[in-house]
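Make a model of the complete structure from these sequences and hints.
Okay, here's what each chain looks like letter by letter:
There are 2 protein chains.
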Amino acid sequence: MYKQYSFLNSLICSRCGKKYDPSVVQTVCSCGGPLLTEYDLASINENVSPQDFAKRSPNLWRYHELLPVVDEKNVVTLGEGMTPMLRAKTLENKLDLNNLYIKDEGILPTGTFKARGAAVGLSKAKELGIRKISMPTNGNAGAAWATYAARAGITSVIVMPKDAPKITRCECYAAGSRLYLVDGLISDAGAIVKKASEKYGLFDVSTLKEPYRLEGKKTMGLEILEQLDWKAPDVIIYPTGGGVGIIGIYKAMKELKEMGWIDEISTRLVSVQAEGCAPIVKAWEQKKSESEFWKNSETIAFGINVPKALGDFLVLDAIYKTNGSAVAISDREIIESQLETARKEGLFMCPEGAATIAAARKLRNQGWIDKNETVVALNTGSGLKYPEVLDFNAPLLRPEEELSL
Amino acid sequence: MYKQYSFLNSLICSRCGKKYDPSVVQTVCSCGGPLLTEYDLASINENVSPQDFAKRSPNLWRYHELLPVVDEKNVVTLGEGMTPMLRAKTLENKLDLNNLYIKDEGILPTGTFKARGAAVGLSKAKELGIRKISMPTNGNAGAAWATYAARAGITSVIVMPKDAPKITRCECYAAGSRLYLVDGLISDAGAIVKKASEKYGLFDVSTLKEPYRLEGKKTMGLEILEQLDWKAPDVIIYPTGGGVGIIGIYKAMKELKEMGWIDEISTRLVSVQAEGCAPIVKAWEQKKSESEFWKNSETIAFGINVPKALGDFLVLDAIYKTNGSAVAISDREIIESQLETARKEGLFMCPEGAATIAAARKLRNQGWIDKNETVVALNTGSGLKYPEVLDFNAPLLRPEEELSL
Chain A
66 MYKQYSFLNS
76 LICSRCGKKY
86 DPSVVQTVCS
96 CGGPLLTEYD
106 LASINENVSP
116 QDFAKRSPNL
126 WRYHELLPVV
136 DEKNVVTLGE
146 GMTPMLRAKT
156 LENKLDLNNL
166 YIKDEGILPT
176 GTFKARGAAV
186 GLSKAKELGI
196 RKISMPTNGN
206 AGAAWATYAA
216 RAGITSVIVM
226 PKDAPKITRC
236 ECYAAGSRLY
246 LVDGLISDAG
256 AIVKKASEKY
266 GLFDVSTLKE
276 PYRLEGKKTM
286 GLEILEQLDW
296 KAPDVIIYPT
306 GGGVGIIGIY
316 KAMKELKEMG
326 WIDEISTRLV
336 SVQAEGCAPI
346 VKAWEQKKSE
356 SEFWKNSETI
366 AFGINVPKAL
376 GDFLVLDAIY
386 KTNGSAVAIS
396 DREIIESQLE
406 TARKEGLFMC
416 PEGAATIAAA
426 RKLRNQGWID
436 KNETVVALNT
446 GSGLKYPEVL
456 DFNAPLLRPE
466 EELSL
Chain B
66 MYKQYSFLNS
76 LICSRCGKKY
86 DPSVVQTVCS
96 CGGPLLTEYD
106 LASINENVSP
116 QDFAKRSPNL
126 WRYHELLPVV
136 DEKNVVTLGE
146 GMTPMLRAKT
156 LENKLDLNNL
166 YIKDEGILPT
176 GTFKARGAAV
186 GLSKAKELGI
196 RKISMPTNGN
206 AGAAWATYAA
216 RAGITSVIVM
226 PKDAPKITRC
236 ECYAAGSRLY
246 LVDGLISDAG
256 AIVKKASEKY
266 GLFDVSTLKE
276 PYRLEGKKTM
286 GLEILEQLDW
296 KAPDVIIYPT
306 GGGVGIIGIY
316 KAMKELKEMG
326 WIDEISTRLV
336 SVQAEGCAPI
346 VKAWEQKKSE
356 SEFWKNSETI
366 AFGINVPKAL
376 GDFLVLDAIY
386 KTNGSAVAIS
396 DREIIESQLE
406 TARKEGLFMC
416 PEGAATIAAA
426 RKLRNQGWID
436 KNETVVALNT
446 GSGLKYPEVL
456 DFNAPLLRPE
466 EELSL
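Sequences listed follow chains A and B, in order.
Numbering-wise (the numbering used here), the first sequence opens with residue 66 and increments by one.
Numbering-wise (the numbering used here), the second sequence opens with residue 66 and increments by one.
Where hints are given, some of them may not hold.
It does not matter which identical chain is used: a pair holds within one copy or between any two.
What the hints assert, rightly or not - No farther apart than 25 Å at their CA atoms in a straight line, the calculated lysine-lysine pairs in the DSS-like style are these:
| id | residue 1 | residue 2 |
| --- | --- | --- |
| 1 | K138 | K154 |
| 2 | K259 | K68 |
| 3 | K197 | K154 |
| 4 | K197 | K159 |
| 5 | K159 | K264 |
Since the hints were made in silico from the structure, they are not lab data.
These numbers come from a predicted model, not from an experiment.
Take a look at the structure:
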């Protein structure tokens, strides 16, 4: 019997509710709002169960009914997904928690969670016949999209700030991407990409300017639920730059609730930012529904150096609706948490991921998290991509020399 | 009912056949030969089936009956294993092959296959009550052992050549290891570690000086077989430094054959080395059973810059017994294959892994591999760990500038 691969239904504007046809290329709504993907959830519920997922290969395509790629032959994959949920027992003692998990997105192709968005986004781009993409990036998203574009046989043009992690340049170069650096921020890269895309007919895959990256990120939420036996955790802590991760996790929960696979959305979502770039935190503290451009932003957690995100209102909505929170962390706390987690748990996180551990400590100290609650902190990438944040010296020996401890 | 976690039986010397007790700490045989782990394979066969493995979590501990850790509570894990077997369709066309897979070991904690040996080796060290380990390394093994030692709460002392990949220093530092650099080769690091271990009472986990790293590496072979539905591939191509990978894969096949899960060992094993350090290739060409120390070795594929491996005779035995081959690749061919694979398949391999693609091309051109044979090339690590091998420039734009394609 033919089994339908995707139950993709339509696209809907997150601002004005206008519907769009997903069988042709779409970008954003005529009102400027990002488009969200809708599925025939009732039919999915009739066709597939959590037990079916469990039998499939350990990658994000196991959730294909809930993903936008209609024909399996268009799937562009490097085996991404089903990243480990690591129990952090030593940190539990340090932070006075009983159930702390770190979901390690560092173990994905290209070393960050960006692989999820790139895999789904480029698969759908391929399905829609797109041949050339363009993207402004703080490094890791560009590296992921360049890599998956190479696998898809699609040309990529990537623009990143010159201060973005150096390894991400290598990844773009290796993947055969057209790479440009800009002496500025991601917002400057975005302006350059916009112009170039119009001039050269490139498909601009900036954050939330195409609908499907979000669907890839959504699989983090699906995996967390499956890995906890479809029992939602009390708190999920996520580092927030463009915000697609937290929006995706919230979208996953809404879809699972609508299908009845979880009873209610009991998880409080926490957005973590750096003190040097905290527009979401500021907006949340002021109970606003949108953020303001954060001037002169600066942080070692380069991936969350995003002064103003297109989807800020969706991030804030997810926080408000789930009774969540927003926390700003200093660069010093980030480095301390990074080293503490590497030394105590053997997990070398990226700075953005380390910020979630600092946030867990802060929220526990404030009593906002209860000791017995189940907490999931997202490590969005591998520390391997950020050698420059560590400052140390190792003694150099001559071959005949002895070491002394 | 109590289910036995491991069917560990004994240790046996790979040279003289003398048996050793695995319930206490062992190193090498009194004759100097590496020790191999033996299991009660008949009982495993009665207790578990391939179908049982398929239901377990996607990490290497799914094979726990065939691993040496007796009590599950001693397992030290970061979720390692079940790495993707990626079909390389574009390279198939280029290389005139019909069935080329790349097993991507870059998607493991610490970014290389070394995580397998470290996970199993340190779990068993923990089980045996070891508190301090020491290791000479070309970088990646040291990084992996330092990382898993941190997770196990075990102290590590790591010595590596100053020319080893810089990121591996960061990993050791982040994990709280005592790290030393040496102005020399891994053989010099080995001499320093030997002295320090005697002086300070450290457990020396040099390649094949403890028996269990090999058991971790063995899981690559188990996974390849499971991922190909227990149908052995015709050829497996592996980059060879210390040689534990190829020895482990061969050991996996022998155990599976003895259990009757595969009919025969029909796979030919190929050892790939760099032209600047090819002791195994030279010995194989001369039909010798051991290699000679390779003087003034040099290659950009740093992980296989091993002038003389303790287990060379086991590697050669595996090649001879399987009618395999040994191939030397130039640094230029390595870089070309690395870029080709990144551009055509979206897979950014380490130089050692890229050497296997160059070897596949060479062996296919020679007719040694038939077009219709199933070939598995092992990418032993992520290209992310070797930014220094790529040489390129990206244009730098001012914020107001336009890019021109």
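Structure-based check of each hint:
no.: 1; hint: K138 - K154; in the structure: between (42 Å within a copy, 13 Å between copies)
no.: 2; hint: K259 - K68; in the structure: neither (40 Å within a copy, 61 Å between copies)
no.: 3; hint: K197 - K154; in the structure: between (46 Å within a copy, 21 Å between copies)
no.: 4; hint: K197 - K159; in the structure: between (49 Å within a copy, 23 Å between copies)
no.: 5; hint: K159 - K264; in the structure: neither (54 Å within a copy, 34 Å between copies)
The structure is inconsistent with the numbered hints 2 and 5, although it conforms to all the rest.
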